[in-house]
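Chains A and B, in that order, are what the protein sequence lines are.
So for the first sequence, numbering that gives the first Met the number 0 puts the first residue at 0; every next one is plus one.
So for the second sequence, numbering that gives the first Met the number 0 puts the first residue at 0; every next one is plus one.
Calculated from the structure, these hints are not laboratory results.
Just so it is clear, the structure is predicted and the values come from calculations on it, not from any experiment.
Incorrect hints may appear among the rest.
As the list claims (entries may be wrong) - A few chain A positions that, by computed beta-carbon distances, are all more than 10 Å from chain B:
1. 9
2. 68
3. 83
4. 90
5. 99
6. 104
As the list claims (entries may be wrong) - The list that follows gives simulated cross-link-like pairs (lysine-lysine, DSSO-like), each with its CA atoms no further than 30 Å apart:
7. A:17 x B:374
8. B:10 x B:24
9. A:42 x B:10
From the three backbone atoms N, C-alpha and C, an ideal C-beta is built for every residue, glycine too.
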Amino acid sequence: MERTEKETTYQETRRVQKGDFAAAGQISASYKNMLKRLGVDSKVVRRLAIASYEAEINLAIHTLGGSMTIIVYPDHIFLVVEDTGPGIADIALAMQEGYSTAPEEVRMLGFGAGMGLPNMKRCSDTFEITSELGSGTTIRMGFNLLN
Amino acid sequence: MEKKQIYHSVKLEKDRCVGCTTCLKRCPMECIRVRNGKASILYELCIDCGVCVRICPHNAKVAQTDPINAIFRYKHRIALPAPTLYGQFRNIASVDHVLNALLALGFSDVFEVARAADIVSATMREMLKTTDARPLISSACPAVVALIQVRFPELLPNVANVLSPKEVAGKMAKEEYSRTHGVPMDEIGAFFITPCPAKMASIHSGQSSYVDGAIAIQDIYGLLSSQLRQPVPETLKKKRHASWQGVNWATYGGECAALHKSNTLSVDGIHNVIYVLEEIENGKLDDLEFFEGSACEGGCVGGPLVFENAFVAQNTMRKLVERMQEEDGEIQAALPEPRDDIFTAKPRVPRDTLKLSDNIAEAISMMERIDELTKTFKGLDCGSCGSPTCRTLAEDIVLGYAKEVDCVFKLKEKVEQLARQMADLTNL
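Here chain A stands alone, though its shape is the one from the complex (with noise of 0.2 Å):
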């Protein structure tokens, strides 16, 4: 993130718990209601939703916790989603739709489809991860908000 802080933002940052499937999908409902009340077009709500809502499943059943930050620009929105382990061994093999480590009592609940990081790789413009045995995770999603 190259920019300056002059520019108008809007910025939030929220904790995920680990195991806190209660509160899944709190955090990207929110985020469908800020951004609806931004005015942003209802296509990027929907994919930002969507990958916001997996990201967050995935810190509660595959991290030791984490949080998300959103930044709202006029023209961009950063989502960042960073956690302290236990992080990924193999990236290219997380990427792959299906593939899946959720134990069962996560599958059991719906989810562990191994859709979740193509899911946000799919609904995002921009799409980075980075990860390190040990120490965690952090994955950067763009959104672009002109066209």
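Got chain A sorted already, so can you dock chain B onto it with the hints?
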């Protein structure tokens, strides 16, 4: 920010409103404010669901519908009874007795909306064979359609582009009547016997409607009950009737059942509908074939303008449908064909009223101020300020509709501060 006026049925009787916060807290669209001791509706967000009409303890929220004598503006008058009407009477001998009672009120003819529902079902069954929409969303409940227009515009392409049963009924009734009686269409008035304000609103919403007015079930309940024992003439018995499947539309789940598909979902109650639409918007129900949402709990039988208790009416409807299933076994074979002339003329457009400003940079700054302000409130969402939540108060302040001291806690702080300053001054 409202671009064009949309007709709304839900109104406030100012004299009856005591300024309590009952409706404020229950409105699913957060579109009620209490200002100067009286409730007011932010109409650009209102979807005419009628929740406030149902819950106001002082009957100050009312739904504007047409009085029965409005039908006499027309030379030829057709009643379009919602199937819900049949569930209002606990011991009716037959549907025909209800239709006959309507004729006694001054209608020249009746056309069952349930018959139109049969045709909509048939058309939708065809549509499901070819559509890519997952799920296809029912267009029958006008409050749910309005909800999607305001809050879920991205789902509008999923809403079936078929007319609602009352519109189909209006169209077919007028066409049939005009043909068989040889009278021009504009001399025929079609009046929907309605369980809800949303259907009234959709008739007058500016889009052309085949229906000329709506009469609340509760307004004619008494008149109808007194006519229910009249013998039914042969001509009425011979008329084409709705199947039990069409009649079954009155309770939630009835529409899904008529599609003969298993992967469908019916949800009743506006808050539940919002929850499931969120799931659909999140892409979580992409394998679902059909979604039927009713704003009212129980479906149309739970409408705010009915007379009978919704649960009792559900039971009455169930018994009626079971009886019809036994009786019309054979008629079942003759379910109506799908039609290709019952689609919406224009696509449904978003009601773009949620945004804070047309300029996104300005909206972003406003959102920042709203966030800052919200943090300074206690977060009790008590409603005493006249806005439903602390957050909506912050929005109202930023939009210029309210002041910080509308919050009773802020006011208390201010008064204490003033008192201290006074004390300091007198001690000088």
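So, going through the hints one by one against the coordinates:
1. 9: Its Cβ does come within 10 Å of chain B, the nearest being 5 Å, so this is violated.
2. 68: 14 Å, holds
3. 83: With a cut-off of 10 Å, residue 83 (chain A) remains clear of chain B, as the shortest Cβ separation is near 26 Å.
4. 90: Answer for residue 90 (chain A): holds, closest chain B Cβ roughly 23 Å.
5. 99: 16 Å, holds
6. 104: 19 Å, holds
7. A:17 x B:374: 26 Å, holds
8. B:10 x B:24: 17 Å, holds
9. A:42 x B:10: Not satisfied, since the Cα-Cα distance of roughly 34 Å exceeds 30 Å.
Checked against the numbered hints given earlier, this structure breaks hints 1 and 9; the rest are met.
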